[in-house]
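Visitor: If you read the sequences in order, they're chains B and Y.
The opening position of the first sequence corresponds to residue 1 in my numbering, with each subsequent residue numbered one higher.
The opening position of the second sequence corresponds to residue 1 in my numbering, with each subsequent residue numbered one higher.
Don't read these hints as lab results, they were simulated from the structure.
The beta-carbon is built from N, C-alpha and C at its ideal position, and this holds for glycine as well.
Wrong hints could be hidden among the right ones.
[As the list claims (entries may be wrong)] Simulated restraints on C-beta separations:
| id | chain 1 | residue 1 | chain 2 | residue 2 | range |
| --- | --- | --- | --- | --- | --- |
| 1 | B | TRP107 | Y | THR21 | 39 to 47 Å |
| 2 | Y | GLN48 | B | GLY62 | 35 to 43 Å |
| 3 | Y | SER84 | B | ALA4 | 13 to 21 Å |
| 4 | B | GLU75 | Y | ARG15 | 23 to 31 Å |
| 5 | B | HIS97 | Y | GLU24 | 31 to 39 Å |
| 6 | B | ASN5 | Y | ASP96 | 19 to 27 Å |
| 7 | B | ASP94 | Y | SER84 | 36 to 44 Å |
| 8 | B | GLU68 | Y | GLN48 | 34 to 42 Å |
[As the list claims (entries may be wrong)] Result set (SDA-like, lysine to any residue): computed pairs, CA atoms no more than 20 Å apart in a straight line:
| id | chain 1 | residue 1 | chain 2 | residue 2 |
| --- | --- | --- | --- | --- |
| 9 | Y | LYS50 | B | GLU24 |
| 10 | Y | LYS50 | B | GLU2 |
| 11 | B | LYS50 | Y | LEU22 |
| 12 | Y | LYS50 | B | LYS50 |
| 13 | B | LYS50 | Y | LEU23 |
| 14 | B | LYS50 | Y | MET1 |
| 15 | Y | LYS50 | B | TYR106 |
| 16 | Y | LYS50 | B | ASP26 |
| 17 | Y | LYS50 | B | THR25 |
| 18 | Y | LYS50 | B | LEU23 |
| 19 | Y | LYS50 | B | ARG27 |
| 20 | B | LYS50 | Y | ILE3 |
| 21 | B | LYS50 | Y | GLU2 |
| 22 | Y | LYS50 | B | MET1 |
| 23 | Y | LYS50 | B | LEU22 |
| 24 | B | LYS50 | Y | GLU24 |
| 25 | B | LYS50 | Y | TYR106 |
There are 2 protein chains.
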Amino acid sequence: MEIANLLATRMEPKREEIFETLLETDRFRLERIISTGQATPAGQWYDQEKNEWVALLSGSAGLLFEGEREPRVMEPGDYVLIPSRRRHRVEWTDPDHETVWLALHYW
Amino acid sequence: MEIANLLATRMEPKREEIFETLLETDRFRLERIISTGQATPAGQWYDQEKNEWVALLSGSAGLLFEGEREPRVMEPGDYVLIPSRRRHRVEWTDPDHETVWLALHYW
Numbered sequence: 001m002e003i004a005n006l007l008a009t010r011m012e013p014k015r016e017e018i019f020e021t022l023l024e025t026d027r028f029r030l031e032r033i034i035s036t037g038q039a040t041p042a043g044q045w046y047d048q049e050k051n052e053w054v055a056l057l058s059g060s061a062g063l064l065f066e067g068e069r070e071p072r073v074m075e076p077g078d079y080v081l082i083p084s085r086r087r088h089r090v091e092w093t094d095p096d097h098e099t100v101w102l103a104l105h106y107w
Numbered sequence: 001m002e003i004a005n006l007l008a009t010r011m012e013p014k015r016e017e018i019f020e021t022l023l024e025t026d027r028f029r030l031e032r033i034i035s036t037g038q039a040t041p042a043g044q045w046y047d048q049e050k051n052e053w054v055a056l057l058s059g060s061a062g063l064l065f066e067g068e069r070e071p072r073v074m075e076p077g078d079y080v081l082i083p084s085r086r087r088h089r090v091e092w093t094d095p096d097h098e099t100v101w102l103a104l105h106y107w
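Generate coordinates for the entire structure from the input sequences, incorporating the hints supplied.
Guide: Given below as structure tokens:
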């Protein structure tokens, strides 16, 4: 049993988001995502086959669901359940601090 | 899609730990636990049928695994995988601040 840390990150800014699988079974995948200012490309939506429970642990982000006018602002500790096929996009993530997400994809 | 917050708690001290199921399927249960200074009663061990991935999100705690001399100190962001039947106990939780855990029990 090794203890690791969800918030420990390399501090240099990254061009790309970092995806790290923490735990995986045949029914779910627990993933840590680190964003450094990235957003979903203009005009694109996530349209996922799997359900996703996602929490924001540090930083902040704007999460837009299709059909809504304004993104929901997510702050540390906030979580939301995104059902399979519910189209959404990340409008923005904090440009100045790392945004750490914990995502549980399940099916 | 309602956004809720993992860290939002009622602030008054509690005699008992609070357990809240956030998400449940036939293969896992995602749970938030709030401790306010509690520990596993003396001489008792958790001996769980299910695997548990657990993260500490706020506060701090000492987690002792059977056969180890000293508890591991868990700070915010720390996580650990506790396999089924791995006996362990919570030696202490922060008496002055709420300790928020996120536990994923799976089987």
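Visitor: Would you list, in rising numerical order, the hints stated earlier that this structure does not obey?
Guide: Hints 1 and 12 are the ones this structure does not satisfy, whereas the remaining hints hold.
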